[in-house]
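J.: Construct the complete structure from the given sequences, taking the supplied hints into account.
Chains as they are written, first to last, in the numbering used here: chain A, 1 to 73; chain B, 1 to 395.
Any given hint could be a false lead.
With a straight-line cut-off of 25 Å between C-alpha atoms, the simulated DMTMM-like cross-links for lysine to aspartate or glutamate are [unchecked claim]:
1) B:LYS168 / A:GLU54
2) B:LYS171 / B:GLU184
3) A:LYS25 / B:GLU131
4) B:LYS106 / B:ASP50
5) B:LYS120 / A:ASP40
6) B:LYS168 / B:ASP323
7) B:LYS215 / A:GLU54
8) B:LYS168 / B:ASP119
9) B:LYS72 / A:ASP40
10) B:LYS161 / A:ASP40
11) B:LYS138 / A:GLU54
12) B:LYS215 / B:GLU108
13) B:LYS120 / A:GLU28
14) B:LYS161 / A:GLU57
15) B:LYS106 / B:ASP360
16) B:LYS161 / B:ASP187
17) B:LYS352 / B:GLU47
18) B:LYS102 / A:GLU57
19) B:LYS201 / B:ASP288
20) B:LYS352 / A:ASP40
21) B:LYS161 / A:GLU54
Simulated from the structure, these hints should not be mistaken for lab results.
One letter stands for each residue in the lines below.
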Amino acid sequence: MIRTTPLIIGLLLTASGCTLQPWVKPYERARLADPIMSFDRNPISSSYLNHVYEAREGARGADGGQGGGCGCN
Amino acid sequence: MNKKSASLINFITSQSGQGRIRLIWIIAGITTMIAALPLTAAVLPAERFDALFHYYNGGGITVQGPALQASKQVGSNTLFSAKYYVDSISSASIDVVTSASKYSEKREEQSISATYLRDKSTLSLSYSNSEENDFVAKSTHFNISQDMYGDLTTLYMGYSKGWDNIYKTLKTAGNTNRDPAFAEDADRQKFRLGISQIISKDLVTNLNYELITDKGYLNNPYRTVRFTDGSTLGEIYPNTHSSNAISLSANYHLPYRAALHGSYRFYADSWGINANTFDIGYTHPYRDSWIIGGHYRHYSQNHANFYQDLFDPFAPQNYMARDKELSSFNSQTFGLNLSYNFIQQGWRMLDKGTLNLSIDHMRYDYDNFSDLRSATPSRYGFSANVVQVYMSLWY
Chain A
1 MIRTTPLIIG LLLTASGCTL QPWVKPYERA RLADPIMSFD RNPISSSYLN HVYEAREGAR
61 GADGGQGGGC GCN
Chain B
1 MNKKSASLIN FITSQSGQGR IRLIWIIAGI TTMIAALPLT AAVLPAERFD ALFHYYNGGG
61 ITVQGPALQA SKQVGSNTLF SAKYYVDSIS SASIDVVTSA SKYSEKREEQ SISATYLRDK
121 STLSLSYSNS EENDFVAKST HFNISQDMYG DLTTLYMGYS KGWDNIYKTL KTAGNTNRDP
181 AFAEDADRQK FRLGISQIIS KDLVTNLNYE LITDKGYLNN PYRTVRFTDG STLGEIYPNT
241 HSSNAISLSA NYHLPYRAAL HGSYRFYADS WGINANTFDI GYTHPYRDSW IIGGHYRHYS
301 QNHANFYQDL FDPFAPQNYM ARDKELSSFN SQTFGLNLSY NFIQQGWRML DKGTLNLSID
361 HMRYDYDNFS DLRSATPSRY GFSANVVQVY MSLWY
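T.: What follows is the structure, given as structure tokens:
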């Protein structure tokens, strides 16, 4: 059952003609489009800070970056 | 909570047998969902140039250097970007002071990427190369994202593969050279899944999951463990490591023009480390040209199951580590950032330009890692300051 659930959901969406309608209309998104609402307004800065944390902490991943190198000791 | 989450994540991401089949089915299901969804136009990231100088000082380590990043759109659906990054490291850290001598080194990283907009999807491919005198890392990354439900939802998936070469340096007659008798390697893979969801006119959320697996030489070739009888021995790590991280972030626009940010990440790995990360922030524009922000981050983890501050020589273990990153500790960060938009109406080919300053103060406190610099060892801790000055131009 677990194996087939995602496929069934996908097939149901296809069969339904994807009738889900956007509940926030394009003209209602001015606040969401404000740069202060960005998840990563300054990518060069956030990737640097993630590197600082990753070099000093055991946890890694799911931070939006893709990493590289070490420079940790 | 931790046990349940860890078991669920482990169930989904097992790397062999049934678990792998389930993972393949889940990915197949999500892919089918993407194919089934109503499609809307995606857009390429903006063309921009960033020049940053970073400075880190704390725990006996100073790291500084520049970072440059530029992107350029070619045609109507392809964006190329390149990045150059340097760490100039001067280290007299607690590890170095207690088991080696002070050193300086430089790490350089270059990366290039291409992002392609095809029909309703965004695909990106990138390559990164990082080199220092005892460590070389090469990696490739692939990401795909899809906007759907009238742009309310963005689904994305990614895969990275990395190849590391690990060397050891020797100091002879004032020169630092690679030890010709030591060369190891490690391979890394990353699998990413994410969904960004607009909840309301004021609220957007982001759910990320990442599985990382490493195989090969995962030790630090310089670090040692210490025994109760005063002897030391090089660390011995397992040669595999897999980790799962899941994070939820949310941005909320307040009734006036300002935003609240919050995120939480749960992490669990095959070495027995569980970690929790919380981050909250606030962003407030001032007049038309200033943006002021602040954030607080809290991180905590328990130690790896083969970590000990002091080992018993009469009870040897297969794996032994005394890396403070694998100990039990917590850290806190207070950060402030300031951004000044000096091109508001556009100027020649430039649409916008900002000057930015970020200052972060960090504090790390270790529960079971001793400071051996004094005759009576105490629990180690340190503070660090991180400063970033950078300019961004959009064109």
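J.: Taking the hints in turn, state whether each one holds.
T.: Here is what the structure says about each hint:
Proximity of B:LYS168 to A:GLU54 is assessed by CA-CA distance (about 22 Å); at most 25 Å being required, the pair is judged to hold. For the hint pairing B:LYS171 with B:GLU184, the CA-to-CA distance comes to about 19 Å; that is within 25 Å, so the pair holds. Of the pairs offered as hints, the one joining A:LYS25 and B:GLU131 is violated, with about 48 Å between alpha carbons and a cut-off of 25 Å exceeded. At roughly 21 Å between alpha-carbon atoms, B:LYS106 and B:ASP50 fall within 25 Å of each other, so this suggested pair holds.
Between B:LYS120 and A:ASP40 the CA atoms are separated by roughly 22 Å; this keeps the pair inside 25 Å, and the hint holds. Our distance criterion of 25 Å between C-alpha atoms is met by B:LYS168 and B:ASP323, whose separation comes to about 17 Å. A hinted pair counts as satisfied when its Cα atoms are at most 25 Å apart, and B:LYS215 with A:GLU54 qualifies at roughly 18 Å. Only pairs whose Cα atoms come within 25 Å are accepted, and B:LYS168 paired with B:ASP119 is rejected, the gap being roughly 48 Å.
For the hint linking B:LYS72 to A:ASP40, the alpha-carbon distance of about 19 Å falls within 25 Å, and the restraint holds. Restraint check: the Cα-Cα separation between B:LYS161 and A:ASP40 comes to about 24 Å, which is no more than 25 Å; the hinted pair holds. Taking the CA atoms of B:LYS138 and A:GLU54, the gap is about 17 Å. The hint holds against a cut of 25 Å. With a C-alpha separation of about 24 Å, the suggested pairing of B:LYS215 with B:GLU108 holds against the 25 Å cut-off.
Proposed proximity of B:LYS120 and A:GLU28 is supported: the alpha carbons are some 22 Å apart, at most 25 Å. Restraint check for B:LYS161 and A:GLU57: the C-alpha separation of about 21 Å stays at or below 25 Å, so the hint holds. Restraint check for B:LYS106 and B:ASP360: the C-alpha separation of about 23 Å stays at or below 25 Å, so the hint holds. Proposed proximity of B:LYS161 and B:ASP187 is supported: the alpha carbons are some 7 Å apart, at most 25 Å.
Taken as a hint, the B:LYS352 and B:GLU47 pair is honoured in the structure, with Cα atoms around 11 Å apart against an allowance of 25 Å. Restraint check for B:LYS102 and A:GLU57: the C-alpha separation of about 22 Å stays at or below 25 Å, so the hint holds. In summary, the hint linking B:LYS201 to B:ASP288 is supported, as the alpha carbons are separated by about 22 Å, within the 25 Å threshold. A C-alpha spacing of about 17 Å is found between B:LYS352 and A:ASP40, which places the hinted pair at or below 25 Å, so the restraint holds.
Our distance criterion of 25 Å between C-alpha atoms is met by B:LYS161 and A:GLU54, whose separation comes to about 18 Å.
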